[in-house]
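With the hints as extra help, turn the sequences into a complete structure.
Sequences listed follow chains U and Y, in order. Following the numbering used here, the numbering of the first sequence begins with 1 at its first residue and continues without gaps. Following the numbering used here, the numbering of the second sequence begins with 1 at its first residue and continues without gaps.
Read the hints as simulated data drawn from the structure, not as lab findings. Remember, predicted model here, so these are calculated numbers, not experimental data. The beta-carbon is built from N, C-alpha and C at its ideal position, and this holds for glycine as well. Errors might be hidden in some of the hints.
[To be verified] Covered, in the sense of this in silico footprint (three residues per stretch, anywhere, with C-beta under 8 Å from a C-beta of chain U), are these stretches of chain Y:
{"hint": "1", "stretch": "72-82"}
{"hint": "2", "stretch": "125-138"}
{"hint": "3", "stretch": "159-166"}
{"hint": "4", "stretch": "292-301"}
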Amino acid sequence: MGNLLKADFFRIFRSKMFMIVCILSGAFPFLTAGLYFLVSKIMKTAAMMPGMGSQMFTARMVVSDSFVLSSNMGLLLPIFITIFICADVSNGTLRNKIIAGRSRTSIYFSHLISSSVISAVLILLEVLLFLGVSCLIFGYGAPFDSNELLRLVFFFVTGVMTFVFSAAISTALSLMMKHTAPAVIITVVAGMGISLISSVVHYADQTLSNRWFCLIPTYTNSVFLNYGKFDAASFLIGLLSYLIFGAAITVLGLLRFRKADLK
Amino acid sequence: MITHRRTKHANAGKDGIMSENQTNEEFVLKTVNLSKKYKDTYAVRGVNMTIRKGDIYGFVGENGAGKTTVIRLITGLAAPTEGTFQLFGKERFEASQMKRVAGIVENVSLNRSMTAVENLKYQCYICGITKTKEELESVLADVGLPVSHIGNKTVKNFSLGMRQRLGIASVIIQDPEFVLLDEPMNGLDPQGFVDMRNTIVRLNKKGITFLISSHILSELDKVCNRIGLISKGVLLDEVSVETLHSKSSAKTLIGFDSPAEAAAAQQKFYANGSVGSSVLEGCSVTVYGNADINEIMAFLVSENIRISSINLKEKTVEDYYVEKVRGQNG
Numbered sequence: 001m002g003n004l005l006k007a008d009f010f011r012i013f014r015s016k017m018f019m020i021v022c023i024l025s026g027a028f029p030f031l032t033a034g035l036y037f038l039v040s041k042i043m044k045t046a047a048m049m050p051g052m053g054s055q056m057f058t059a060r061m062v063v064s065d066s067f068v069l070s071s072n073m074g075l076l077l078p079i080f081i082t083i084f085i086c087a088d089v090s091n092g093t094l095r096n097k098i099i100a101g102r103s104r105t106s107i108y109f110s111h112l113i114s115s116s117v118i119s120a121v122l123i124l125l126e127v128l129l130f131l132g133v134s135c136l137i138f139g140y141g142a143p144f145d146s147n148e149l150l151r152l153v154f155f156f157v158t159g160v161m162t163f164v165f166s167a168a169i170s171t172a173l174s175l176m177m178k179h180t181a182p183a184v185i186i187t188v189v190a191g192m193g194i195s196l197i198s199s200v201v202h203y204a205d206q207t208l209s210n211r212w213f214c215l216i217p218t219y220t221n222s223v224f225l226n227y228g229k230f231d232a233a234s235f236l237i238g239l240l241s242y243l244i245f246g247a248a249i250t251v252l253g254l255l256r257f258r259k260a261d262l263k
Numbered sequence: 001m002i003t004h005r006r007t008k009h010a011n012a013g014k015d016g017i018m019s020e021n022q023t024n025e026e027f028v029l030k031t032v033n034l035s036k037k038y039k040d041t042y043a044v045r046g047v048n049m050t051i052r053k054g055d056i057y058g059f060v061g062e063n064g065a066g067k068t069t070v071i072r073l074i075t076g077l078a079a080p081t082e083g084t085f086q087l088f089g090k091e092r093f094e095a096s097q098m099k100r101v102a103g104i105v106e107n108v109s110l111n112r113s114m115t116a117v118e119n120l121k122y123q124c125y126i127c128g129i130t131k132t133k134e135e136l137e138s139v140l141a142d143v144g145l146p147v148s149h150i151g152n153k154t155v156k157n158f159s160l161g162m163r164q165r166l167g168i169a170s171v172i173i174q175d176p177e178f179v180l181l182d183e184p185m186n187g188l189d190p191q192g193f194v195d196m197r198n199t200i201v202r203l204n205k206k207g208i209t210f211l212i213s214s215h216i217l218s219e220l221d222k223v224c225n226r227i228g229l230i231s232k233g234v235l236l237d238e239v240s241v242e243t244l245h246s247k248s249s250a251k252t253l254i255g256f257d258s259p260a261e262a263a264a265a266q267q268k269f270y271a272n273g274s275v276g277s278s279v280l281e282g283c284s285v286t287v288y289g290n291a292d293i294n295e296i297m298a299f300l301v302s303e304n305i306r307i308s309s310i311n312l313k314e315k316t317v318e319d320y321y322v323e324k325v326r327g328q329n330g
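Here you go:
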């Protein structure tokens, strides 16, 4: 497994597409923060919302949507992972691993681990950068006490888990479908679908009275923590949802991959 | 080449058939009733093939005969529907057994955005082996891709022949004992053919066993010591090339003045029966089998058939293929 991970990371770091993803991950915080800054200026100038511009856009608020699967990174990372894994199949290098005696389980987990690590590291760097840039432009927007720090920790942990979960979906779909275009489309649709379910459930339960809705993946992060209701129980339920659904998707993907004949 | 073949198989039976006292360790591959079914159709059925240590085994068959399917089953890319096989005398898919195997299946598998050296390094990671940059460059030079010539070109800028050579390098780098090559001559120029053949023979002398599937029968004839013929998913025959080349299985090429005379002569051969199987090609008829040239001459005289030429030729893999497949198709 260690050697396979070395091989997969070697391939990732040699890939031009990875360079592009890194550049975009670094550019998004500046572009997004710049866009919010422009909007706030326009709104102030046009007196659409007098005196609201600076309050409307705070670092605390603008960063809150960063860990959502329908965000820039929520689209970019699954697409990158899907293309990257499908290329292993289409190049035939996956075949080389099997001929070299590597088990399909270790190949699957090597892809899962490498894509999860890349996703987690890139989203973490992107959000931290976005938070820093936003703080400089708008200010944090709330007293930064121990309670806020705890909320931020919960937010970051569940946020990273959202992207690890997304990497698990991308890995499973890529190794089940093997063809880049349909795998990318279904990965994006799956991410959007999950975000949509969270939104619909939030619409139905606007008071956030039922914390068991946190069993819906991404709900804890995108709704519960975002709208101020955060506690250890909802945080743990949120983590549990990622574990349950992440494990289910991984088992399904692994079973299909182990049984499939490869060309 | 001939000397090489004979030396290599000094311990095998004359016809390349395994004797009972040969142990499992002498088998590199032994399949038992290997079958693969897709929906209602068998891609391969009941394949029993044996490859011994040191063999260069040529796998011959028409498109869709099942050659690649058999190779995919052996390498673990597909699971057999029925049957089993042993690698190095042990059950298939034991990791320790598979590490002794390397191969190219269907087409060369490379990372297109990497250089040749990076591709070899990547293959080393997969196989869990460590090689220095000098060792990697030396392997590339061995297959005719010296770094001084290819520079830092990425594989996507390689010609098909260069990719084929790099594929062979990525196989060699693994120090395997058994190599499976599916159509290794594809895309090679005439010099590439010669280089590939020399590489295979050189590695075989070092003790590496080969299974090579190819449509280029003349090349298999030059490099292989044993041939397995597969048609419509069924392994028809396994034979040593030495036996094919022996006088007893030679073919007789008889030339006639016109195609009509050749066709008429072939009808008489059929009617006679004892002459053996024959193939009509334009103005000539090729007679296969054990018929003596004197018997054929006597038959031609007795039937008052005029000929323009008669030649006794060594049977090639291609002749063997044509003869067997025709026999199979009635």
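Now for the hints, and whether the structure bears them out:
no. : hint    : verdict
1   : 72-82   : holds (count 6)
2   : 125-138 : holds (count 4)
3   : 159-166 : violated (count 0)
4   : 292-301 : violated (count 0)
In this structure, the hints that do not hold are numbers 3 and 4, in rising order.
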